[in-house]
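K.L.:
These are the residues of each chain, in order.
There are 2 protein chains.
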Amino acid sequence: MTYRYKAKLQYDGTNFAGYQVQPNARTVQGDLEKALRIMSKGHKITIRSAGRTDAGVHALGQMIHFDYPFHIPPQNMLRALNSLTTDEIAILDILEADEQFHAQYGSAGKKYQYRVDTNQIISPFKRLYALHHPYPIHLEDLETALKDIVGQHDFSSFCASRSGKENKVRTVYEAKVEQDLKTGELVFTFRGNGFLYNMVRIFVGTLLQIANGLRPADDMKRILAAKDRNAAGPTAQPQGLYLVEVYYDKAAAVKGTIFEEQLKEKTI
Amino acid sequence: MTYRYKAKLQYDGTNFAGYQVQPNARTVQGDLEKALRIMSKGHKITIRSAGRTDAGVHALGQMIHFDYPFHIPPQNMLRALNSLTTDEIAILDILEADEQFHAQYGSAGKKYQYRVDTNQIISPFKRLYALHHPYPIHLEDLETALKDIVGQHDFSSFCASRSGKENKVRTVYEAKVEQDLKTGELVFTFRGNGFLYNMVRIFVGTLLQIANGLRPADDMKRILAAKDRNAAGPTAQPQGLYLVEVYYDKAAAVKGTIFEEQLKEKTI
Numbered sequence: 001m002t003y004r005y006k007a008k009l010q011y012d013g014t015n016f017a018g019y020q021v022q023p024n025a026r027t028v029q030g031d032l033e034k035a036l037r038i039m040s041k042g043h044k045i046t047i048r049s050a051g052r053t054d055a056g057v058h059a060l061g062q063m064i065h066f067d068y069p070f071h072i073p074p075q076n077m078l079r080a081l082n083s084l085t086t087d088e089i090a091i092l093d094i095l096e097a098d099e100q101f102h103a104q105y106g107s108a109g110k111k112y113q114y115r116v117d118t119n120q121i122i123s124p125f126k127r128l129y130a131l132h133h134p135y136p137i138h139l140e141d142l143e144t145a146l147k148d149i150v151g152q153h154d155f156s157s158f159c160a161s162r163s164g165k166e167n168k169v170r171t172v173y174e175a176k177v178e179q180d181l182k183t184g185e186l187v188f189t190f191r192g193n194g195f196l197y198n199m200v201r202i203f204v205g206t207l208l209q210i211a212n213g214l215r216p217a218d219d220m221k222r223i224l225a226a227k228d229r230n231a232a233g234p235t236a237q238p239q240g241l242y243l244v245e246v247y248y249d250k251a252a253a254v255k256g257t258i259f260e261e262q263l264k265e266k267t268i
Numbered sequence: 001m002t003y004r005y006k007a008k009l010q011y012d013g014t015n016f017a018g019y020q021v022q023p024n025a026r027t028v029q030g031d032l033e034k035a036l037r038i039m040s041k042g043h044k045i046t047i048r049s050a051g052r053t054d055a056g057v058h059a060l061g062q063m064i065h066f067d068y069p070f071h072i073p074p075q076n077m078l079r080a081l082n083s084l085t086t087d088e089i090a091i092l093d094i095l096e097a098d099e100q101f102h103a104q105y106g107s108a109g110k111k112y113q114y115r116v117d118t119n120q121i122i123s124p125f126k127r128l129y130a131l132h133h134p135y136p137i138h139l140e141d142l143e144t145a146l147k148d149i150v151g152q153h154d155f156s157s158f159c160a161s162r163s164g165k166e167n168k169v170r171t172v173y174e175a176k177v178e179q180d181l182k183t184g185e186l187v188f189t190f191r192g193n194g195f196l197y198n199m200v201r202i203f204v205g206t207l208l209q210i211a212n213g214l215r216p217a218d219d220m221k222r223i224l225a226a227k228d229r230n231a232a233g234p235t236a237q238p239q240g241l242y243l244v245e246v247y248y249d250k251a252a253a254v255k256g257t258i259f260e261e262q263l264k265e266k267t268i
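Each protein sequence line maps, in turn, to chains L and W. At the far end of the first sequence sits residue 268, using UniProt numbering, and the numbering has no gaps. At the far end of the second sequence sits residue 268, using UniProt numbering, and the numbering has no gaps.
No lab work stands behind these hints: they were computed from the structure. Incorrect hints may have been included.
Same chains, same names: a pair is fine if it fits in one copy or spans any two.
What the hints assert, rightly or not - Straight-line Cα separation of at most 27 Å, DSSO-like style, residue types lysine-lysine; simulated pairs:
#	residue 1	residue 2
1	Lys182	Lys8
2	Lys44	Lys227
3	Lys182	Lys227
4	Lys182	Lys221
5	Lys41	Lys8
6	Lys111	Lys182
7	Lys182	Lys41
8	Lys44	Lys111
9	Lys176	Lys255
10	Lys176	Lys34
With these hints in hand, go ahead and build the complete structure from the sequences.
P.N.:
Below is the structure:
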C-alpha cells in the first residue's frame with residue numbers, strides 16, 4: 001500500500017546538472033529522492049515530474065508526484081522535504097492526490113518564461129537568471145513573429161534534433177513579450193499544450209535574430225513550413241528559462257488567450 | 001608618471017571572501033588588481049575603495065580609484081576591465097580623476113540597503129540576495145525605532161567589537177523601511193556620513209527584534225545611550241546587504257532628507 005502525493009516546487013537550476021536523475025551528477029530529482037529516502041527510512045521512491053528541465057534552467061512552478069509508503073499529513077511532509085533539501089529547492093505546496101493523478105501525463109499545458117537582459121554591461125545579479133543580449137530590439141518585428149507561432153503547428157523546426165518524439169504537432173496558446181524599459185529586461189511568455197525538447201530556447205534564439213534584424217519579421221512562417229531544425233536560429237542559453245506553471249485543466253491552460261472562446265464552443 | 005582613474009562598480013558578493021585583498025582567498029579587489037596587472041603588462045597597481053564589504057555582501061555602486069602607469073581612454077579601460085573580470089563584477093563607469101580624488105577619504109557619505117524576505121518558505125532566488133526572516137512585522141514599532149537612529153549619535157553599540165576606530169560618532173541622514181506586500185520583501189535604506197564596522201547589519205539585527213516584539217519600540221534610545229555592543233541585537237547575515245551609493249558631495253548625501261535644509265543654512 002502506498003499513498004500518492006503531488007507537490008509544486010521552485011528551484012534555482014544554476015548548480016544542478018538538470019532536473020532528471022543521472023549518474024555522477026547533482027540533479028533536482030536526485031536531491032528530492034534522497035530526501036524522501038531519508039524521510040521514509042530507506043524506501044526507494046521514484047518521483048515523476050511534469051517535465052524535465054536542463055542544466056541551468058529554473059522553475060517557479062514545477063509539478064511532481066510520488067507514491068509514499070506511509071500516510072503522513074501533507075504539511076508534515078512539506079516541512080520535512082524543505083528541511084532535507086538545500087535552499088536551492090523550495091517545495092511550495094504538497095497535497096494528497098488520487099491514484100489517477102500523473103504529473104506528466106495528466107498535464108493539459110505549461111507556461112514558460114524567458115528573461116533577456118538587454119543592458120550594455122552584464123549585471124552581476126542577472127548573469128545566472130537571464131540571457132545577456134545587449135543589442136537593439138525591433139519590438140514590432142518581434143510581435144509579428146510571436147503571432148506567427150501561436151496556434152497548432154508542426155514544430156519540428158523548433159525541436160532539438162536529438163529528440164526522438166514522433167508527433168511534433170503542438171498548440172501554442174500564447175506567445176508574447178513584455179519590455180521593461182526601466183530595467184532593460186525583455187520577458188517572453190509562452191503557453192501551450194506541450195513543448196518539444198528545447199522548443200522555447202529555439203523560439204527565443206530565433207526571435208532575437210528577428211528582433212535584431214538578422215531575419216525578416218515574417219520568417220517564422222517559412223521556418224515552420226520547413227520542418228527542419230536547421231531552418232531556425234540558435235538555442236538560447238539555459239539560464240534565461242523558467243518553467244512557470246503546469247496546468248491540469250484545459251480551461252486554466254487557455255484562460256485569457258484567444259483559445260478560451262473556442263474551448264467554450266467545444267471546437268478546439 | 002601615473003594617471004588617476006575612478007570607477008563605479010557592482011558585484012555579487014556571494015563567491016568572494018569580501019572586497020579587500022587577503023592571502024589565499026578570492027576577493028573583489030584581488031580580481032580587479034589581477035586584471036589591471038594583465039592590462040598594464042605586469043605593473044602592480046593598488047586599488048583604493050570607498051569602503052570594504054564583507055564576504056557575501058553585495059555592491060550596486062562601490063567606488064574605487066587607482067593610479068595607472070599609462071594614459072588610456074576611460075572607455076577602453078572600461079571594456080578591458082570588464083572583459084578581464086568575471087560577470088560577478090561589473091564596472092559601470094570609469095572616468096579620469098584628478099590627483100586629489102580619493103575614493104575613501106573624499107567620501108561625504110554612503111547609502112546602504114538591506115533586503116529581508118519575510119515569506120514563509122525561503123525563495124531559491126533570494127537565498128543569496130536577502131535575509132530570510134519569516135516572522136510577523138510590527139511596522140509602526142519599526143518606524144519608531146528607525147526615527148531614533150536618525151541624527152548625530154555615538155554608535156558604539158552598533159559597532160563590531162573587533163573594530164578599533166576611536167571616534168564612533170556618525171550622522172545618519174536617513175533610515176527608512178519599505179514593505180512590498182506583493183513580494184513579501186522588506187527593504188531598509190540607510191544614508192549617513194559614515195558607517196562603523198558592521199553598523200548596518202547590527203541595525204537590522206536589532207530592528208528586526210523590535211519589529212518582532214522581542215524588544216520595546218523605543219529600545220534604540222537606550223541602546224545608543226549604553227555605548228556597548230552587548231546592548232544591541234545580533235549582526236544580521238551578510239547576503240541581505242548592498243552598498244548602493246557613495247557620495248562625494250554633502251549636498252547629494254543629504255538630498256531629500258531632513259538635513260537638506262540645515263545644509264542650506266550652513267548649520268550642519
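K.L.:
Hint by hint, note whether the structure agrees.
P.N.:
Outcome of the hint check:
{"no.": "1", "hint": "Lys182 / Lys8", "in the structure": "between (32 Å within a copy, 20 Å between copies)"}
{"no.": "2", "hint": "Lys44 / Lys227", "in the structure": "neither (42 Å within a copy, 57 Å between copies)"}
{"no.": "3", "hint": "Lys182 / Lys227", "in the structure": "neither (38 Å within a copy, 43 Å between copies)"}
{"no.": "4", "hint": "Lys182 / Lys221", "in the structure": "neither (32 Å within a copy, 40 Å between copies)"}
{"no.": "5", "hint": "Lys41 / Lys8", "in the structure": "within (23 Å within a copy, 53 Å between copies)"}
{"no.": "6", "hint": "Lys111 / Lys182", "in the structure": "both (25 Å within a copy, 21 Å between copies)"}
{"no.": "7", "hint": "Lys182 / Lys41", "in the structure": "neither (51 Å within a copy, 39 Å between copies)"}
{"no.": "8", "hint": "Lys44 / Lys111", "in the structure": "neither (31 Å within a copy, 52 Å between copies)"}
{"no.": "9", "hint": "Lys176 / Lys255", "in the structure": "within (15 Å within a copy, 41 Å between copies)"}
{"no.": "10", "hint": "Lys176 / Lys34", "in the structure": "neither (38 Å within a copy, 44 Å between copies)"}
Hints 2, 3, 4, 7, 8, 10 from the earlier list are contradicted by this structure; the remaining hints agree with it.
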